[in-house]
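Between the sequences and the hints, there should be enough to build the whole structure, so can you do that?
The chain contents come next:
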Amino acid sequence: ETGVTQSPTHLIKTRGQQVTLRCSSQSGHNTVSWYQQALGQGPQFIFQYYREEENGRGNFPPRFSGLQFPNYSSELNVNALELDDSALYLCASHAWDTIYFGEGSWLTVV
Amino acid sequence: ILNVEQSPQSLHVQEGDSTNFTCSFPSSNFYALHWYRWETAKSPEALFVMTLNGDEKKKGRISATLNTKEGYSYLYIKGSQPEDSATYLCAFRDNYGQNFVFGPGTRLSVLP
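These protein sequence lines are chains A and B, in that order. Heads up: the first sequence begins at 5 in our numbering, then just goes up one per residue. Heads up: the second sequence begins at 73 in our numbering, then just goes up one per residue.
Heads up, a few of these hints could be off.
Calculated from the model, a selection of chain B residues having no Cβ within reach of chain A, i.e. all distances over 10 angstroms [to be verified]:
#1 His106
#2 Ser115
#3 Phe174
Here are the computed lysine to aspartate or glutamate pairs in the DMTMM-like style, where the Cα-Cα straight-line distance is at most 25 angstroms [said to hold, decoys possible]:
#4 B:Lys129 with B:Asp156
#5 B:Lys131 with A:Asp89
#6 A:Lys17 with A:Glu79
#7 B:Lys114 with A:Glu57
#8 B:Lys131 with B:Glu117
#9 B:Lys129 with A:Asp88
#10 B:Lys131 with B:Glu77
#11 B:Lys150 with A:Glu79
#12 B:Lys114 with A:Glu107
#13 B:Lys141 with B:Asp89
It should be emphasised that the hints constitute simulated quantities derived from the structure, not laboratory data. Where is the CB? At the ideal position from N, CA and C, for every residue including glycine.
Encoded structure:
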C-alpha cells in the first residue's frame, strides 16, 4: 500500500479524443511526477509538479499537460490522442529519497 | 539526455539459482541510484536507495552494489524463488533536479 491512488485503472479512447487521468498522492508529498510506460520499456518521465507549478518536463509534446491542486492531487491531460499514446501511465509522489507509485492507469487508444 | 541501461533485458532461471543483473548510468553528477521491483498488476516497490560509491545494501536474499566512478550497479538475488519473478528497475538521479531517469528494466522469471 503506497498511499498513491490513480483513476481510472483502465480506459479505452478513440484516436483524436482527449483523456484526463487523476492521481491522489500521499499526504505531505508536495511533488508529483507522471511517467508513461509503453510495452517493453521502462517508465519515461512526462513532467513533474511541485507546489502546483510544473518544474520539470520530459520529451513529450505540449498536448500532454497537467495540473496539481492545493491538496497536491494531480491530473494528466492528453489531447488529440494518438495510437502510440497507448501505455500505462504512472503517477508518483516524492519524499526526498523515495518515490511512491500508484498502480497506474492503462490507456488504450484505438 | 541521460541514458540509463539495464542488462540483460530478460532472463529465466531455475528455482534455487542465484542471479545478477546490471544497471549502467552516467558517472558524472551522481546523486542517487534506486532499485525497484515491479510485479505484474502492482505498484513498483522500492528495494534500495544507494548514494555512496562502494555502497553495498542487502534485503533478505537480495543485495546490491554501487560503483559511481564507472557508473554501474549490480543487483544480486541468491537462491531465486518463484515469488522473485518481476521486473527490476533501476532509476538514476543526478544532482541537478528531482527527476529520476529509469532504465528499461530486467524481466526475471524464476521457474519452479
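To see whether the hints hold, each was checked on the structure:
no.: 1; hint: His106; result: violated, 7 angstroms
no.: 2; hint: Ser115; result: violated, 4 angstroms
no.: 3; hint: Phe174; result: violated, 4 angstroms
no.: 4; hint: B:Lys129 with B:Asp156; result: holds, 17 angstroms
no.: 5; hint: B:Lys131 with A:Asp89; result: violated, 36 angstroms
no.: 6; hint: A:Lys17 with A:Glu79; result: holds, 17 angstroms
no.: 7; hint: B:Lys114 with A:Glu57; result: violated, 29 angstroms
no.: 8; hint: B:Lys131 with B:Glu117; result: holds, 13 angstroms
no.: 9; hint: B:Lys129 with A:Asp88; result: violated, 38 angstroms
no.: 10; hint: B:Lys131 with B:Glu77; result: holds, 23 angstroms
no.: 11; hint: B:Lys150 with A:Glu79; result: violated, 41 angstroms
no.: 12; hint: B:Lys114 with A:Glu107; result: holds, 6 angstroms
no.: 13; hint: B:Lys141 with B:Asp89; result: violated, 30 angstroms
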